[in-house]
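**Student:** Listed below are the residues making up each chain.
There are 2 protein chains.
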Amino acid sequence: MDNNIKITYPSSEKVYMSGTLYPDLRVGMRRVRLTPTVDIVDGKKVMTDNAPVYVYDTSGPYSDPDVEIDLKRGLPKLRAPWIAKRKPGDTQMALAKRGVITEEMEYVAIRENMNCAELGIETHITPEFVRQEVAAGRAVIPANINHPEAEPMVIGTNFLVKINTNIGNSATTSGIDEEVEKAVWSCKWGGDTLMDLSTGDNIHETREWILRNCPVPVGTVPMYQAFEKVNGRAEDLTWEIFRDTLLEQCEQGVDYFTIHCGIRLKNVPLSQGRLTGMVSRGGSIISKWCMVHKEESFLYSHFDDICDICREYDVAISLGDGLRPGSIHDANDAAQFAELDTMGELVERAWAKDVQAFIEGPGHVPMQKIRANMDRQIEKCHGAPFYTLGPLVTDIAPGYDHITSAIGASMIGWYGTAMLCYVTPKEHLALPMKDDVRTGVVTYKIAAHAADIAKGHPGATIRDNALSKARYEFRWKDQFNLALDPERALEYYKTSNDVEGRYCTMCGPNFCAARISHSLKDCDQQ
Amino acid sequence: MDNNIKITYPSSEKVYMSGTLYPDLRVGMRRVRLTPTVDIVDGKKVMTDNAPVYVYDTSGPYSDPDVEIDLKRGLPKLRAPWIAKRKPGDTQMALAKRGVITEEMEYVAIRENMNCAELGIETHITPEFVRQEVAAGRAVIPANINHPEAEPMVIGTNFLVKINTNIGNSATTSGIDEEVEKAVWSCKWGGDTLMDLSTGDNIHETREWILRNCPVPVGTVPMYQAFEKVNGRAEDLTWEIFRDTLLEQCEQGVDYFTIHCGIRLKNVPLSQGRLTGMVSRGGSIISKWCMVHKEESFLYSHFDDICDICREYDVAISLGDGLRPGSIHDANDAAQFAELDTMGELVERAWAKDVQAFIEGPGHVPMQKIRANMDRQIEKCHGAPFYTLGPLVTDIAPGYDHITSAIGASMIGWYGTAMLCYVTPKEHLALPMKDDVRTGVVTYKIAAHAADIAKGHPGATIRDNALSKARYEFRWKDQFNLALDPERALEYYKTSNDVEGRYCTMCGPNFCAARISHSLKDCDQQ
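Sequences listed follow chains A and B, in order. Each residue of the first sequence is one higher than the one before, starting from 1 at the first, in the numbering used here. Each residue of the second sequence is one higher than the one before, starting from 1 at the first, in the numbering used here.
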C-alpha cells in the first residue's frame, strides 16, 4: 500500500474558511483558478479576470499539501478537542434541542455556503438554521465520537444533496489495501459518506483501516458482521450477538448503522407475491430469522436498546429498507409501504432518545411512481432525511445501471431526498473496481447537483455558469478544470484536439457555432 | 470496408409479422429465446418454460441471416412497390387526410405493438389510429419516396419514444467507410433514425453510401452542404443555392431536413445577452446571413417554397431550434421561446401543404424548467411531435454528457417528447468514435424506454419483467440476452464470475439476498 496517498486537482488550491462562533474552525474547500477572458477591442487584446470558483471538497487532508499523510498513523483528529468537552449522551440532536450550536453545526453551515457571502448570494443556511434542522430531525450530522478524523457534513432536504458510495470486499474478492485505496478514491471524486459493506474475513481490520483514514463519515450494516459470527446461519442470530457487534463498531467509530428494524414478522409474507422477492441482504437475513423462529425480529423488539447504544456514541441510525423493490414490477407495493410506515414509528422513538436517524428508500421505481415514494416518506416519517438507492427507472440495462439509477436519483433528489446511494456500472453483475467507483461517484455527483439546481440551493449554478462561459470563450483548460472529472474531459478532448485551439473537431473551424455567434457582435456594430 | 456486415444478437432470431390490410407486409422484429425456470419440488427438478420476449428491432436486414448484404448494391428496396402506386404529392399526411391507411401506417402499427395481441395486452395503436395521428400532424412517418430501403417508423407522442443518432465527419476527421460502419452500428444498438451531419469534403458521396445502406430514416441539415458551396461565407448564401441543395438531397432520398426557419431577423439580437450566445451551427449561419444583409432569413421568407419541394418527395421538415440554449443559464429565455412561437406558425403552414413536420427542442435545461418547455411546445405547436437534444440538466460534466442529458431526456420523454436526439460521452469535446456511438445509443434507449414505461406504452414492461425474473432466478444468460447491451453485461459479469453460478461476487454465496429470499418459501411450508 502506498502509505502517502495524495489527491490533486488541476489549477486548484486547498483553502480554509474560519468560523464566527468558533473562530478556530478551518473548513476546507477547493478553489479553482481561472484564466482571464481575452477580447480583441479596436485591434487590441483586452484581458478581463474571471473569479475563481469554490468547490465543495470531500477530499479532506489528502488534498492539502501541508498535511503529511501516513496511513499507518491515520488522519489528524480534527474533532477531538470538540468532543473532549462534551458529556455522555451529548448527541448533535441532544445539543441542538438544548439550543447549543455545536462546532459541527457551524462547520457544515460554512461548508454548504462556500463563498456565497462574498458573492452577495443570499442563503438560508446559518449555524442557527442547522441547529433547528438537527433539533427537528430534518437533518443529520453523522459524527461518532470515536471517529474524530471525519470532517462534519450534514444530510437533510434543506441542504446540498449528498451521495454515499459503497465499498467493501466480499468473501471472494479484494483485500484491505484495495478497500482503503477505494475509500480515498471515492473521496477524491466527491463521495460525501462511505459505507463499508465488507463481508468475509478481516471485516474488523478492514474497517479499522478505513475509519482511521477516512475524512468522511462511515456507515456499515452491522448485520453483516453478526451474520459472519454465526457462520451464515440466520436462525442462529441472537440479540446478544447483534448487540455486541454494535458495541464493537460504535467503539471503532462507525458514524451510522443501517439496521433493518422496519421488518415486522407480519409483513415478511408480503414479499412472497413479488417478482423479485427480497433483494436486501440485511433484510433477507432478519426475515429468515423471523420466519424460522415465528417471532418478531429482535431488531424491532430491541429498538430502544439499539437507540440507547447509538446515543452513547452519537451514531446515527439509517433505517434500512429490507423490503425495497428489486424490480420496477415490485415498486410501491404493500410490502414496501408497510415497512416505510413502520420506519415512521421508529424514527420518532429514536428522536425521543436524541438519536439521529434517517430513512432508506428504493431501489427500482419507474419514473411515474417516484413522486409517491417521496411524498409518502415525508408524510409517514415526519421529515426525517430520505436516503435512496437510485432508484433505477428500468431493469433492462445491466452494465449501465449507474445511468438507469441516476435518472431516478436526480428526480427523487429534486423532490426532497437528502442523500443518494451511488450505483456503479457493475451493479447486479460484480463488485466495483476502482474505475467503476469513479464512474459511479461522478454519475451521482451529476444527479445530486442537478437536484441542487432544481431545488434552488444557494449558489448551485455558479460552477455551471463559469464552465459554460469558459466553453463559449474557448478557454478549454478552464472548462476541464471546472468539470466534475477534469481528467476524463481532457482525455476525451485530446483524442483529436489541440488544447489551445479556437475550435474543436466536433465542427471544425468553419462550422463552429460559437465562433459564428461571437462574430454576430461585429455585425451589430457595422 | 467489410462489404458484408451482419448484425447478430445472442439467443435471438429474426421474425416477421404480416399485415391484415396488407397481408404482404413483413414487419421485422427480434425474438429472444429464454431458458426454462428450474424449481426443486419434493426433491425433483421441475422445469417451467419462459415465453420468448419480442424486442423492437432497428437493425433491418443486417440481422436477417437470409438476406445477403452487399454495401455496394445497397439494401433491398422494401417500399418500392408501395411508392410505385402513388401520385405526386401523395405524402403520408395527404393520404391520411384523405382517409387512406398506407402500407407504412399498418407497418408501424404492427411494429409498435409487437406481440401484445398474443399476450392479451390491450393497445390503442391500430392502423386507423396511426392514420388519424398522421392526419392531425401529431405523428410523422419520415419516408422520402427515394429512400425505399428504410423500414417505416413513426414519431409521435402517442407512440414509443424514438431516438436519433448523429454521425458524420467534419473537415478534420474520418472517412466514408467509417461513417457507413457507424450507421450500421447505430442501428444495431437501437437508433431509430440517423442524422448524417457530415461537413467537409465528400458530403454528397458519404450521404449516398449511408442512404443506400441504412434501414432507418435519414435526416440532414441541408444548410451544411449549402455552406460548403459558398466556402463557409454565410453572407454569400442565397435562396437559390439552398433550394438546389434541398433538391439534390430530396433526390438522394433524405427523409427529413432540419431547417432553421424559425429564426427571425428581429429575434437574432435576443441571443446577444446570453451567456453562451448561439450554439446551433445551422442557426448561427443563417443568423449571420440575416445580420449581414439586415434582411429576413430566406429560410423564413421562402418557407412555402421549401414546403412545396418537400411535398414532392414526402420529406418531413424538422424545424431546427437555432436559438436553443447552450447552457442552463440561457434555458427558457426570450430568444428560445420567440423561436418556438415562430415554429408554431410554420408548422401549420407545412400542414396546410400536407408536409409532415416536427419541432426541435433544447439543449441545456435544468430539471425544474423542463416541464415548461414541453407544455409550451404542445400549446404553441399544436401537438406536432417534439424532438429534443437531451436536455442536459447541468453543464459541469463534460465527458459524461450522455448522462447529464439522459436525465433530462427521460423526463421530457415522459412529458410527451416524441424523439430524443442522443448525446455521446464526447459531446462538447470531440466527434464520437464507434464505442461512443454505442454508449450514446444505449444510454438513450434507457431514457426512451424509461419514458415509455412512465407513459404506460402497451407492453412496455414485458422486457423489464422478464429480465428481473431471470435475475431473481439466477438465469444469468437470459438476463444478459434481454439486456440493452448483452455484450457489456456479460463482459462485466465475467470480470469475476462464472455464468452458471447461483450467486455472484457482489455478495458471495452466504450473503445473496435472492438466495435467502427464495429460502423463505421453505420456511412458510414448515
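Bear in mind the hints are in silico, worked out from the structure with no lab data behind them. None of these values were measured; they are calculated from a predicted model. Some hints here could point you the wrong way.
Copies of the same chain look alike in the list, so a pair counts if it fits in one copy or across any two.
[Stated by the list, open to error] In silico DMTMM-like links for lysine to aspartate or glutamate, alpha-carbon gap of 20 Å or less: (1) K72 <-> E208; (2) K494 <-> E181; (3) K97 <-> D49; (4) K380 <-> E345; (5) K434 <-> E491; (6) K521 <-> E296.
**Student:** Could you work out which earlier hints the structure fails to respect and list their numbers in ascending sequence?
**Tutor:** 2 and 3
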